[in-house]
Structure formats: structure tokens, C-alpha cells
Amino acid sequence: MKSFTRAASNSVSRAAKLLVVAALLFSATSCAVVKPWQRETLADSIMQPDRDPMGSGLIDHVYFSREAASGGRSVGGGGCGCN
Amino acid sequence: MCRHNSFIVRATLVAFLLLLLPVFSIGSLKQGDRMPDLSSFKLEGRLPDKLQGRVILLDFWASWCGPCKLSFPAMEKLNQEYEKKGLTIIAVSVDEKRENMERFLKEMKVSFPTVRDAQQKLVGAADVQAMPTSFLIDRTGKVRYVHDGFYGDKTVKKYHEEIEQLLKEGGR
Chain X
2 MKSFTRAASN SVSRAAKLLV VAALLFSATS CAVVKPWQRE TLADSIMQPD
52 RDPMGSGLID HVYFSREAAS GGRSVGGGGC GCN
Chain A
1100 MCRHNSFIVR ATLVAFLLLL LPVFSIGSLK QGDRMPDLSS FKLEGRLPDK
1150 LQGRVILLDF WASWCGPCKL SFPAMEKLNQ EYEKKGLTII AVSVDEKREN
1200 MERFLKEMKV SFPTVRDAQQ KLVGAADVQA MPTSFLIDRT GKVRYVHDGF
1250 YGDKTVKKYH EEIEQLLKEG GR
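If you read the protein sequences in the order shown, they are chains X and A. Using our numbering, the letters of the first sequence correspond one by one to residues 2 to 84. Using our numbering, the letters of the second sequence correspond one by one to residues 1100 to 1271.
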């Protein structure tokens, strides 16, 4: 009975080890280095967070005026909506 | 328990090293290296017939790269000024689509030869660190200067100094 318990415990610990290794290896697959010459898609304008600076400026202006708070979304000025 | 911990530490270290594996690249074109044989990379387009004994500016560029757009007029001026004195500019496009390269060249209209590294093997072998990257190769075929990126007048000034120096040096 004692040897059976030890064998079961060993197999559980081996399975746990395998699980740890598998988890660590799996996490490593999520990383990829994009070389400078492979950045065609990343360089596309659609990938830019701010493709229309003037439009963003207008939205920011409306946003901070309506919120009655200054400095909202990195835009300076008061919350009166007059500037 | 202690054995378990040391195993986990070791497994973590192995995983971490595996994680870093793609960061390190084996072999890249650097100062002092011989210029690779361009004809062995199956480049699209026609390479200049005579490269031996010439100073070569090997430039890697792409149509989607902003600084490359700025560098082309400057390289065209260099070509006009130094081609007869012994400079050959070879612009290697790394564009995935040929039509993008063609559209760019239609706009730019340059007189130096441009080829496309369609399989990206040459650029992979050179392992450039930025776009554009240019290699200045002396008359003996050795890489003498590497320019990562294009910084307008600053880069152009360096090009002039280096090209003039390399042109003065003897050939093989």
C-alpha cells in the first residue's frame, strides 16, 4: 500500500513537472521578433493610432469642454469651451 | 520540495533562454566583411555588369519606409556626381509586392540600378537593423561604412566624405 502511494505520488509529481515545462514553452511561443524589413504591415497608415491629427484635436477640444475639466486627453486649457 | 523548486527554476531559465533565441541573430554584414556575391541571391532586376574595382553603395530600402523616400533624391545626386568617378549605387528593395516598388520608382525616377530582394534572403543575410540601411563598399569589395537609417543632410555629408575617401583609395 505504501509503495503504491509512493508510485502514485511520483507520477503526479512527474505530470506536474511536465505541465510546468509545457506551460513555459507555450509562453515562449507568443514572442516573435519582427525584423526591420518585415514591417510593411506595421508601417501601413491604418496601423497608426492617430491618422487624423486635426480630427483628433477637434474631438479632444469637444471632449475637454464637455467634461468641464482641463488637461483631458493631453490637451491643455480650461473647461469653458471658449478656447 | 526543494528539488521541485530547483526544477522549476531550471525550467524557467531554459524557457527564458528560448524566449531570447530570436533576438540574437547569427551573422550580419558589418564593417570589414566582404560584400556578399549579389548574383547568388536571385534578386529580381538587372545588376550592373561591372562591380569589380568600383566603390559600391548598397542600399536596402522599401516603398513603405518614409526615410527611404527622403534618401532617394540624395542618392540620385550622389550618383550624378560620382558615377563617372567610380561609384555604383545599387538600391535593393525589400518590398513584398513588386507593384509597390514599381509605383515608388515611377514617382522617384532614379538613374541608378534598383533590384528587388523578393525572397528577402540578401537582407536577411545582411541583417540590417533599420530601414533604410546602406553599406559603403570599397574598391576591394570590403564593407567600410554602414549607415543605419537616413538623417537628411547629416547622412549626405557623411556620404560625401566617405565616398570621396574611398574613391581616392586604390583598387585591386
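Be aware that one or more of the hints could be misleading.
Covered, in the sense of this in silico footprint (three residues per stretch, anywhere, with C-beta under 8 Å from a C-beta of chain X), are these stretches of chain A [unchecked claim]: (1) 1184-1193; (2) 1226-1238.
DSSO-like cross-link-like pairs, simulated, lysine-lysine; straight-line CA separation at most 27 Å [to be verified]: (3) Lys1196/A / Lys1267/A; (4) Lys1220/A / Lys36/X; (5) Lys1183/A / Lys1257/A; (6) Lys1149/A / Lys1253/A; (7) Lys1149/A / Lys36/X; (8) Lys1208/A / Lys1168/A; (9) Lys36/X / Lys1183/A; (10) Lys1196/A / Lys1184/A; (11) Lys1168/A / Lys36/X; (12) Lys1184/A / Lys36/X; (13) Lys1241/A / Lys1205/A; (14) Lys1267/A / Lys36/X; (15) Lys1168/A / Lys1183/A; (16) Lys1141/A / Lys1257/A; (17) Lys1184/A / Lys1220/A; (18) Lys1256/A / Lys1141/A; (19) Lys1183/A / Lys1253/A; (20) Lys1141/A / Lys36/X; (21) Lys1220/A / Lys1267/A; (22) Lys1183/A / Lys1196/A; (23) Lys1149/A / Lys1129/A; (24) Lys1241/A / Lys1256/A; (25) Lys36/X / Lys1253/A; (26) Lys1208/A / Lys1184/A.
The following label-pair restraints were derived from C-beta to C-beta distances [stated by the list, open to error]: (27) Lys1141/A / Pro50/X: 30 to 40 Å; (28) Arg1197/A / Ala69/X: 25 to 35 Å; (29) Pro1147/A / Phe27/X: 31 to 41 Å; (30) Val1209/A / Asp51/X: 51 to 61 Å; (31) Pro50/X / Ala1229/A: 46 to 56 Å; (32) Ala69/X / Arg1109/A: 20 to 30 Å; (33) Leu1146/A / Cys32/X: 51 to 61 Å.
Hint data in this document are derived by calculation from the structure and do not stem from the laboratory. We treat Cβ as the ideally placed atom computed from N, Cα and C, and that holds for glycine.
Does Lys1141/A lie within 27 Å of Lys1256/A when you go C-alpha to C-alpha? violated, 33 Å
Satisfaction of the hinted span 25 to 35 Å by the C-beta atoms belonging to Arg1197/A and Ala69/X: The hinted range 25 to 35 Å is violated for Arg1197/A and Ala69/X, with Cβ atoms some 55 Å apart.
Given the hinted pair Lys1183/A and Lys1257/A, is their alpha-carbon gap at most 27 Å? Distance ~20 Å between Lys1183/A and Lys1257/A Cα, so the pair holds.
Assess, step by step, whether the Cα of Lys1141/A is no farther than 27 Å from the Cα of Lys1257/A, and give holds or violated. violated, 31 Å
Assuming the hint says 20 to 30 Å, is it satisfied by the Cβ distance from Ala69/X to Arg1109/A or not? violated, 58 Å
Sort out whether Lys36/X lies within 27 Å of Lys1168/A, counting only the CA atoms. Distance ~20 Å between Lys1168/A and Lys36/X Cα, so the pair holds.
CA of Lys1196/A to CA of Lys1267/A, is that 27 Å or under? Answer violated: Lys1196/A to Lys1267/A is near 39 Å, above 27 Å.
Hey, Lys1168/A versus Lys1183/A, does the alpha-carbon distance stay inside 27 Å? It holds: about 24 Å lies between the C-alpha atoms, which stays within 27 Å.
Taking a Cβ-to-Cβ distance below 8 Å as contact, does the stretch 1226-1238 of chain A have at least three residues touching chain X? holds (count 6)
Sort out whether Lys1253/A lies within 27 Å of Lys36/X, counting only the CA atoms. holds, 25 Å
Would you mind confirming whether the straight-line C-alpha gap from Lys1208/A to Lys1184/A stays at or under 27 Å? Given that 27 Å is the threshold and the Cα spacing comes to 22 Å, the pair holds.
Can you confirm whether the C-alpha distance between Lys1141/A and Lys36/X stays at or below 27 Å? Judged against 27 Å, a Cα distance of about 21 Å means the pair holds.
Checked against the numbered hints given earlier, this structure breaks hints 1, 3, 6, 7, 9, 10, 12, 13, 14, 16, 17, 18, 21, 22, 28, 29, 30, 31, 32, 33; the rest are met.
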